[in-house]
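There are 2 protein chains.
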Amino acid sequence: MSKGDQTRAAILDRALDHSTEVGLEGLSVGTLARKVGLSKSGLYAHFDSKEDLQRQILDTAAVRFVDRVVRPALAAPRGVPRIEAFVARWLDWSSSGLAGGCPFVSAATEFDDRPGPVRDTLVGHLRTLTETIATSAALAVQEGHLKDNLDVDQFAFQIWSILLAYHHYARLLDDVAARARAETACAELIDAARAD
Amino acid sequence: MSKGDQTRAAILDRALDHSTEVGLEGLSVGTLARKVGLSKSGLYAHFDSKEDLQRQILDTAAVRFVDRVVRPALAAPRGVPRIEAFVARWLDWSSSGLAGGCPFVSAATEFDDRPGPVRDTLVGHLRTLTETIATSAALAVQEGHLKDNLDVDQFAFQIWSILLAYHHYARLLDDVAARARAETACAELIDAARAD
Numbered sequence: 001m002s003k004g005d006q007t008r009a010a011i012l013d014r015a016l017d018h019s020t021e022v023g024l025e026g027l028s029v030g031t032l033a034r035k036v037g038l039s040k041s042g043l044y045a046h047f048d049s050k051e052d053l054q055r056q057i058l059d060t061a062a063v064r065f066v067d068r069v070v071r072p073a074l075a076a077p078r079g080v081p082r083i084e085a086f087v088a089r090w091l092d093w094s095s096s097g098l099a100g101g102c103p104f105v106s107a108a109t110e111f112d113d114r115p116g117p118v119r120d121t122l123v124g125h126l127r128t129l130t131e132t133i134a135t136s137a138a139l140a141v142q143e144g145h146l147k148d149n150l151d152v153d154q155f156a157f158q159i160w161s162i163l164l165a166y167h168h169y170a171r172l173l174d175d176v177a178a179r180a181r182a183e184t185a186c187a188e189l190i191d192a193a194r195a196d
Numbered sequence: 001m002s003k004g005d006q007t008r009a010a011i012l013d014r015a016l017d018h019s020t021e022v023g024l025e026g027l028s029v030g031t032l033a034r035k036v037g038l039s040k041s042g043l044y045a046h047f048d049s050k051e052d053l054q055r056q057i058l059d060t061a062a063v064r065f066v067d068r069v070v071r072p073a074l075a076a077p078r079g080v081p082r083i084e085a086f087v088a089r090w091l092d093w094s095s096s097g098l099a100g101g102c103p104f105v106s107a108a109t110e111f112d113d114r115p116g117p118v119r120d121t122l123v124g125h126l127r128t129l130t131e132t133i134a135t136s137a138a139l140a141v142q143e144g145h146l147k148d149n150l151d152v153d154q155f156a157f158q159i160w161s162i163l164l165a166y167h168h169y170a171r172l173l174d175d176v177a178a179r180a181r182a183e184t185a186c187a188e189l190i191d192a193a194r195a196d
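First to last, the protein sequences are chains A and B. The numbering of the first sequence is the numbering used here, which starts it at 1 and goes up by one. The numbering of the second sequence is the numbering used here, which starts it at 1 and goes up by one.
In case anyone wonders, no lab produced these hints; they're calculated from the structure. Just to be clear, a hint being listed does not mean it is correct.
All copies of an identical chain are treated as equivalent in the list; a pair is satisfied when it fits inside any one copy or across any two copies.
When the alpha-carbon atoms are kept at most 20 Å apart in a straight line, the in silico EDC-like pairs for lysine to aspartate or glutamate are as follows [unchecked claim]:
#, residue 1, residue 2
1, K35, D113
2, K50, E25
3, K35, D17
4, K40, D5
5, K50, D120
6, K3, D153
7, K147, E188
8, K147, D191
9, K35, D52
10, K40, E51
11, K50, E143
12, K50, D13
13, K147, D175
14, K3, D48
15, K50, D113
Here chain A stands alone, though its shape is the one from the complex (with noise of 0.2 Å):
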């Protein structure tokens, strides 16, 4: 990695950070230059514009995601374990590691009315992030383990929305209970997808 890759990734790093805080459009190029210790022309070196910036922080925030949540979960058996794995993981991933919680859900109703790059960039992994749900829940009906007729669009339809629902019981009614009430959730829901 060359000197110019390592400050450009230093700076994404706080970046991502400080963006599930204060949203990627309140994000201040001025708060994030002083930030890493660069002047605000300084930090534009590394970035084409701020759209440029927001667009690079949710490929980083999709790379960690991937080391986190993604690679760990594969580790378990195809199937319904691997689900599993996938939801435990992304529940550590939304409470801890990031001041503002999931990057995506955070960034997700910022963006929703703002048509743009960074509403696209957004969008491409929110597909990746359920189809992967999809692509799981498909190998867990090749399995066995979830019943044949499965519609399993609507099964990562189901497992999102509680994650959704997780991130805002936990981060914004401050709800002790959040993480029991989504791994309940889960529960029944796998158990009603179950194979007879």
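Once you have looked at the hints, place chain B on chain A.
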């Protein structure tokens, strides 16, 4: 209603609609003043601060929510029909009427990391919302529609999770099947909770 009250109500109506698109923090007092044909200081004659405006926007949303979702749902027979009516009205609420979808969902990730009076107001309204769902579920248990040992707070968590995911799939992922997915998920959840 005095002239001052009428002006304030008209400002809040426009402000609510606009804030669902740009966020409560992204709301520009200057832009809002122009939209309602007032100067910035003329607008501030009606509100103590931007924070006061943000809180009153949420209170306005809550009043509208009762009119459009809660009251019509209460017209349905108590028990499962009332829960179904609530869900159907909520899906309408989030997908029509306001430019940026449900204002409570929009504000949720915006304020989860911003302690203060606006967050407190938002949390108050969202607690009322989840309690309303839990109360409807408790009535459905009393009516013999849902099983005696139902955890009504868990049920409310799960209903709310589906509504959040609907918002996300419909508004961000532009999934044309979002409503059908949400309806299917709710129907499954209610069926699993039914008394034998």
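Now the hints, each set against the structure:
no.	hint	result
1	K35 / D113	between (29 Å within a copy, 19 Å between copies)
2	K50 / E25	both (9 Å within a copy, 18 Å between copies)
3	K35 / D17	within (11 Å within a copy, 35 Å between copies)
4	K40 / D5	within (18 Å within a copy, 45 Å between copies)
5	K50 / D120	within (15 Å within a copy, 31 Å between copies)
6	K3 / D153	neither (43 Å within a copy, 53 Å between copies)
7	K147 / E188	both (14 Å within a copy, 15 Å between copies)
8	K147 / D191	both (10 Å within a copy, 18 Å between copies)
9	K35 / D52	within (19 Å within a copy, 31 Å between copies)
10	K40 / E51	within (15 Å within a copy, 30 Å between copies)
11	K50 / E143	neither (46 Å within a copy, 56 Å between copies)
12	K50 / D13	within (16 Å within a copy, 32 Å between copies)
13	K147 / D175	neither (33 Å within a copy, 25 Å between copies)
14	K3 / D48	within (18 Å within a copy, 50 Å between copies)
15	K50 / D113	within (18 Å within a copy, 22 Å between copies)
Figure legend: structure checked against the earlier numbered hints; hints not met, in rising order: 6, 11, 13.
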